[in-house]
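Participant: Here is what each chain is made of, one letter per residue.
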Amino acid sequence: MPKLTINGTEVEVPPGFTILQACNQAGIEVPHFCFHQRLAIAGNCRMCLVEQEKAPKPVASCAMPVADGMVVHTNSPLAQKARKGVMEFLLINHPLDCPICDQGGECDLQDEAMAYGKDRGRYQEAKRAVREKDFGPLVKATMTRCIHCTRCIRFASDVAGVPDLGGTGRGENMEVGTYVEKALTSELSGNMIDLCPVGALTSKPYAFEARAWELRKTESVDVLDALGTNIRLDVRGQAVMRILPRVNEDVNEEWLSDKGRFAVDGLLKRRLDRPYIRRNGKLVEASWPEALTAVADRFGKLSGDKIAAIAGDLCDVESMLALKELMVSLGSANLDCRQDGAKTPAAPRAGYLFNSTIAGIDKADVVLLIGSNPRQEAPVLNARLRKRYLKGGFRAAQIGPAFDATFPITVLGAGPDVLQALADGAHPWFETLKGAQNPMIILGSGAVARADGLAILELARRLADAAGVVRDDWNGFNVLQRAASRVGGLDIGFVPGAGGRDLEGILDGSSTGAIEAVYLLGADEFDTSRLGSAFVVYQGHHGDKGAARADVVLPGAAYTEKNGTYVNTEGRVQLGRLAVYPPGEAKEDWRVLRALSEQLGRALAYDSLPQLRQHMLSQFPLFAQVDHVVPAPWLPFAAAGTVSAAGFSYPIDTYYMTDPISRASPTMAECVVSFAPNPQSKTGTHG
Amino acid sequence: MSGDSGGIHVDQPESFEFTPENLVRAKALIAKYPEGRQASAVLPLLYLVQEQHDNWVPRVAMDYVGAMLDMAPIRVYEVATFYTMFNLKPVGPYFLQVCTTTPCWLRGSDAVLDACRSKLGIDIDERTADGKFTIVEVECLGGCVNAPILRVNDDNYEDLDGPRTLALLEALERGEKPPRGPTIDRQNSAPVGGPTTLTTLRFDGGGDAA
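If you read the sequences in order, they're chains Y and Z. Take 1 as the starting number for the first sequence in my numbering and just add one per residue. Take 688 as the starting number for the second sequence in my numbering and just add one per residue.
Any given hint might turn out to be false.
So the derived label-pair ranges between C-beta atoms look like this [stated by the list, open to error]:
id: 1; chain 1: Y; residue 1: Arg120; chain 2: Z; residue 2: Lys714; range: 54 to 60 angstroms
id: 2; chain 1: Y; residue 1: Gly392; chain 2: Z; residue 2: Ser727; range: 19 to 25 angstroms
id: 3; chain 1: Y; residue 1: Arg128; chain 2: Z; residue 2: Lys714; range: 39 to 45 angstroms
id: 4; chain 1: Z; residue 1: Pro721; chain 2: Y; residue 2: Pro163; range: 47 to 53 angstroms
It is worth saying that the hints were derived from the structure and are not from the lab. We put the beta carbon where it would ideally sit given N, CA and C, even for glycine.
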């Protein structure tokens, strides 16, 4: 371990560290623009210059590896002077339009200019300006402000795996851009906005909406995929203005998918802000007591086997538990939280979790994707797979239709027959999997949502057992969920009770009349026309498919408007927090259910969220382990039928619209148009 | 012109492919580099494109080279726009490169440039209306001893001044091809007016050979 002296203090750091990293470890801040810990080192902004004794000139600390006995001064007159010089050069062509720049107030250049900038410029000549660029509907480019740190270029090529950005031209004429007119075709493009140290790349939908210092910040989790990305909700007044990622090394590092970031404007559109009751075929506004009475009148008079409940993809665990207990008290076993028709049973837990954990991807050396397109189902996880690929010694294969995964992937076939061959050891890739140190199988949520989903699950397990994918110290069997509520729902057993109907059964029963009333808790992603003539209650936050079919609408809270527990695909319990209050007369979901239970004369045994949580913990102790992944024991799976020959397909056909929030978002609608496979060309040049 | 990445030339061809002969040459160039390092051949391949395609590199050709070398198109654009020797828009069959670096400038490159401007009625980075001539300003062409230099396509015309530049351009307009090299009484880079040293050197055995 090399020892070096920084500002008179001796520091010991691992070999291979750069001076900048050593400074960070010692708690000494060195200003920088181009360096970013998750990107390759570029060393081109020169802001991190420090004085190193016996070196002829200041050194760029971000690119200089430490050596034993180095003596470094980060704040010596030489270092200060060097940085001031660099800053003066950076500001030569910078427009200094901070008052109209969205980055103002959270701009690295602005901050560092306070420390190293002069109070007046010596530059008399004309500043350079660059042509306006169009990077698509999400990222607003004002490239005149660009200081050429190349962070966005490195992010696009390395992390996102879509090498669209580059630096073209030379010297003063260098420009960062795509050269040809094209939108950034990544599901992670929003992260470039965070990475950009100046105002060159800013959020297009958020342009001129708010200033950084006006915003109230709430830490929460994203629910638009099942990754449980840690986010920060920035609120002004009663509106969530924007969503930014938080660092969580085990989950999202510091990335956030574009849907999680930009669907935020959907939270203000098509909201259910008051109860509705269908009268003469039309939904008309109603008061809470009217609506609850209308629901209680129907549900209270029906026997348990005639009522059913379906929970949607964005529900918190608390409200699902409240609904489950309400249904159980009404004598109904017809419950399902798998509105995509997944056959995954609620036990064993290892059968529906991403058991390797997301951070475990870093250790994997062979990955087999079965009917899963992680780029659409969990873009941040896909970036982690790519990161693993870039480290080298990594092989990936897939069963299912080919797609651009941003890393090389061998297509073994399209259907379960290949999986069968693999499980039988009759496929050449079986040996690859078996020979791997830490093999990983990723089973898509779409693959278990087929009619033969249970058999697919079982087959994947057979392969896992045969190929030694599961050991005492490594569980490489993974199901990649795509609904934030799914694992939580399965954890609390929001599945058919003894003799109960599952989604198919409920829908069949509704169309035949065997089920007379259905309670939808934010459930929209199934064919609502199959609900037949059943009395439908929709509790949720958006006027989407479910609400359109409903006979009574009970307005609930979106994930930004309630305190709730979510369990991500790896089984990590995380807390979402209330950032704003639900609009109008809408209420937190568990409260609605509590009020309804009162109306039904079967009051639930909790009057406050802490009481509900306490009750939840007593029933399911695993929810006490917040932000931890409790490894699930590798228990036998349920017996399965036979697989059909049909090939796998991916459940998401439009990444930007998968749930009520993103469907309501104008920004997502624009993305759908811009990123359609064959968008209308804007200019004569194609691309 | 090269170096200016701001605007991509509007009138681009639809497609580009190497001729069979050039494809052979391209493959030979690629084979010079080790497996997995094919991208190193991007410069010679772009030159080959330029040679084949009227001395300029269209965008489709950059995509073509990128595909050939397994590079993202943007990586080829970066290279092509960085090096000023690649023309990214059409140039005339007479591609006039005026050196204005210090030695040439001291020896009168301004007069050469002015002669080009006045004769052709265009400025640097422009092309004449008849399409025949394009003027560009370049850095050192490596013939400082014979400064100032005007390179026409691949030929250097040396020791120029205003009138001789005019004469050269007129000859080019007539379709003639004056001999390249010094335009004054001088052999290559030897002193003007003949040798000043070793004047008695003989190889026939006579004289006072040292």
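Participant: Each hint: holds or not?
Facilitator: Now the hints, each set against the structure:
For Arg120 (chain Y) paired with Lys714 (chain Z), a C-beta distance near 59 angstroms keeps the hint of 54 to 60 angstroms intact. The hint said 19 to 25 angstroms for the Cβ distance between Gly392 (chain Y) and Ser727 (chain Z), and at roughly 20 angstroms that hint holds. The supplied range of 39 to 45 angstroms is met by Arg128 (chain Y) and Lys714 (chain Z), whose beta-carbon atoms lie about 41 angstroms from each other. Taken as a hint, the range 47 to 53 angstroms is violated for the pair Pro721 (chain Z) and Pro163 (chain Y), whose Cβ atoms sit roughly 22 angstroms apart.
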